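Visitor: Residue strings, one per chain:
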Amino acid sequence: MGSSSSSLSNVPNSQELLQETGFSAAHLLRLYERFQFLDKDNKGHLRSEDFEAVRELSENPIGDRIVEAFFLPGQETVDFPSFVRVLAHFRPKEKNRTREGAQQEPEPANSRNRKQIDGKISRVELLQVLREMLGMPVTEEQLQSIAERAIQEADLDKDDAISFDEFRKSLEKVNIDHKMSIRFLK
Amino acid sequence: MAVLGPGPARFWSGFTMVLLMLLIVLILTGSSWTRDVLTGHNDTWREPSPATQEDHDPDQHNGTNSANHRKAFPVLAFNYGHVRKPFEISLWILLALLMKLGFHIIPRVSHIVPESCLLIFVGLLVGGVIKAMNEKAPVLDSKLFFLYLLPPIILDAGYFLPIRAFTENMGTILVFAVVGTLWNAFFIGGMMFAVCQIEAAQVSHVDLLSCLLFGSIISAVDPVAVLAVFEEIHINELLHILVFGESLLNDAVTVVLYHLFEEFSHAGTVTARDAFLGVVSFFVVSLGGILAGVIYGILGAFTSRFTSHSRVIEPLFVFLYSYMAYLSAEVFHLSGIMSLIACGVIMRPYVEANISHKSYTTIKYFLKMWSSVSETLIFIFLGVSTVEGPHNWNWIFVIFTLILCLLSRVLGVVGLTFIINKFRIVKLTKKDQFIVAYGGLRGAIAFSLGFLLTDNEMKHMFLTAIITVIFFTVFVQGMTIRPLVELLAVKRKKESKGSINEEIHTQFLDHLLTGIEDICGHYGHHHWKDKLNRFNKTYVKKWLIAGERYNEPQLISFYNKLEMKQALMLVESGSAAKLPAVVSAVSAQNIQHQREAAPQRTIPRLSKTREAEIRKILRANLQNTRQKLRSYSRHDLFMDPCEDDMSEVRFRRQRVEMERRMSHYLTVPAKRQETPSVRKVWFEPEHKVYTYDDSESPGGGAIQLKLRPSDTSLLDESPQSTDRSPAPQSEDQSERQKPSRCLSDPGPNEDEEGSSFFLS
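First to last, the sequence lines map onto chains A and B. Position 169, counted from 1, in the first sequence is what UniProt numbering calls 169; the numbers after and before it change by one each time, with no gaps. Position 686, counted from 1, in the second sequence is what UniProt numbering calls 686; the numbers after and before it change by one each time, with no gaps.
Do not rely on the hints blindly, as some may be mistaken.
A short, non-exhaustive set of chain B residues, derived as facing chain A with CB atoms under 8 Å [unchecked claim]:
{"id": "1", "residue": "366"}
{"id": "2", "residue": "504"}
{"id": "3", "residue": "507"}
{"id": "4", "residue": "511"}
{"id": "5", "residue": "519"}
{"id": "6", "residue": "520"}
I should point out that these hints are in silico values taken from the structure, not numbers from a laboratory. Predicted model, so just to flag it, every value in this text is computed and none were measured. Note that the Cβ used here is the ideal one computed from N, Cα and C, for glycine as well.
Between the sequences and the hints, there should be enough to build the whole structure, so can you do that?
Guide: Next up, the structure:
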């Protein structure tokens, strides 16, 4: 899974990244190795084709969205710091981070829901997500009614879209902190 | 009675209850007394000897009590022996149920004291009465317990197990169940052996193996007791599933240890080889039990695929297959409990996709009914058996047992949590640990296992100690856990209406996390879960789910059930005017049964604005509906508003009214309707991603029939014509006069209800 370099000094900006994201050195190293593994041509950055090479991701209904989330708006490539920063969102939270974590956690999930960065999830976007997730045997009308229902439930200010606060509120019973954490990244 | 205020009325009804109870007790004892007169000698209650029956039948036949040879024709005969056994069984069950009723009539008591305590208390009373009459009371026979009383409770628990919570915490639960129970058994056994060496105790004849046997019996947390107590305190789900899951899974350990030590205590010594075999046996017992359960579960699921023509017997399949799983496991001395749980868990998603709503409701109610009765009987018998004895009270033994039980539990939980927390994302706090430790109740399983021991002095001493521990845990811990929970402000079960948003986003998060894991190249929790789901979808569902429904994504069925439930609720509330709103919601995903492999769903097209208005009204009215704090209690039968015939008639009337109002509604769109007083409706608490929503709609088919024709009437300006001809815009619809249904509900046979209703 790795290339030859196995020391932290080879990782660019390692100290800043450690500070910023809170990963441990071992983790950062592991992520760097993974990054290099994905980076087949050794370019130093990842493009969307590299992501698509991950086989399981192509089976994932929202694979495209996930991949997109790594790319900052307007950019074509993902360098290692961005890669790490995105993954840092999925670190299991420790106690002292819960306060900010509670704010931050729904953010990435939300951002993946939104195509246009306008701060809201509109019906269209929700429909798209549903369409991707549900796949074939579902008709348009069903999707629409589900989307309607979802927006109706969450939309408190009745602007026909779900803002970030409404989103968070509707999911307050789902313990996002716990859900959005991958043990591997602790 | 109505004249009096509620207080005196309750008192009087409570009084009549007590009188009734006394009456039954007297009958019970009187029956044995009468029997003695008739048969002429003292039998034990439970085994009537057929010989004596026959002897006296010719005598009794004549109706007189002495032998007459030339008799008049007996106008009235008394032949109690004929029905004795079923009669007594029924009386006992009746007594148990009346007790249950009685407790809830006296509210204050039932609030403080958990039901299990009250039932044991009643059992003590009954036992005392029986003893006073010098009769032999029925004891909690192990065979009766393990074969008849325990399975319903476990099946009920297993069938409705919250899968997601269970699998998420599986590691923790397993550690507690296996390692915790082992620790308990050996600690208690070892320490008791040390205690027995004390001269003052006069029990030095108890050897190490017997002590270990005793330790293994008493170490297991009991699912029945845990269920009985934890339900009433409505604790948060994590703790509930931890303690409850532990109590279920430790059965394997208990079985192995029990048999192991029992074998050895006869042999006298234990070698390393035996210990190794013991370990192997553990794996065989647990995995074998699970395997047996899985086999029967798959069989049950497969059978349910073909039951579309005989819906009435569907529930029976579920019960019988599960019971067979349990019995088959018991044949091989495998863990029957794990087998039962595995069977229920495996069977459930497929069976629920196949059976009708009515069958589903039947299963649910029957399971709850049986488990309720079983639990009640268990506790009462426990009380009776306590009075019955035989006892051998040894102060030191009993006291030390009690202390050691508590101590080992606390140490075990704290120690294990310390280790477990290193691996958990969601750590267990001190409060959680306390509740887990405190919730380790012992119950009837320990008693029954003790009862199975060979009859000697030691056994009686053990039994006494076991009973004492059971009483202590159930009474003291059971009664104080509720105030403690409140005192410590432990998180309670949250009320949560099932929300489509939650469902969507939970699934979304699942996919998201799986994707991230894939990017990281890490085969984690989500990865395997995803793989399992995929396997399930591609291979398993095809075989086990009838028709085309295996394609239905979970989100859709969840949504359907949600909508249907709301439809029912709104209909029941009596406002027909709201129905159109609900109608469109339901109709929008009204799908025809895909018998003809027609890939298209036929759904009437509603204009967006229309839909929006409808939804506004729907939402406005929904938010006004009072939703009571929904806390799940196993014994609450949810008030089902549609369960009577009256509602059928009402539906028809409402439907007519509704169509009348339709035109009015169409012309006055966005006006907010008045909300009538809504009856309190209980919502189901279980809304996890992996389990289907438990919706209550016995009349599901009826509702959908009703709603479907009206949906199209929204756009049709002449509502009267909707009866026969659905709107023209949906082509396929007009072909089929039969109503369509949500895919997640096959509904009753169309022939029975469909046409008649439709044409009415």
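Visitor: Classify the hint on residue 520(B) as holds or violated, based on whether any CB of chain A lies nearer than 8 Å to its CB.
Guide: Cβ of residue 520(B) sits 6 Å from chain A, so the hint holds.
Visitor: Please verify that hint: residue 504(B), Cβ, nearest Cβ of chain A, below 8 Å or not.
Guide: holds, 6 Å
Visitor: Under the criterion of a CB-CB separation shorter than 8 Å, is residue 507(B) in contact with chain A as hinted?
Guide: At about 6 Å, which falls below the 8 Å cut-off, the nearest Cβ of chain A leaves the hint on residue 507(B) intact, so it holds.
Visitor: Double-check residue 511(B) for me: the hint is only fine if its C-beta lies closer than 8 Å to a C-beta in chain A.
Guide: The hint holds - residue 511(B) has a Cβ within 8 Å of chain A, the shortest such distance being about 5 Å.
Visitor: Does residue 366(B) pass the interface check with chain A, least Cβ-Cβ distance below 8 Å?
Guide: Cβ of residue 366(B) sits 31 Å from chain A, so the hint is violated.
Visitor: Residue 519(B) was flagged as interface toward chain A. Is the shortest Cβ-Cβ separation under 8 Å?
Guide: Constraint on residue 519(B) satisfied, holds at 6 Å.
The structure does not agree with numbered hint 1 stated previously, though it agrees with all others.
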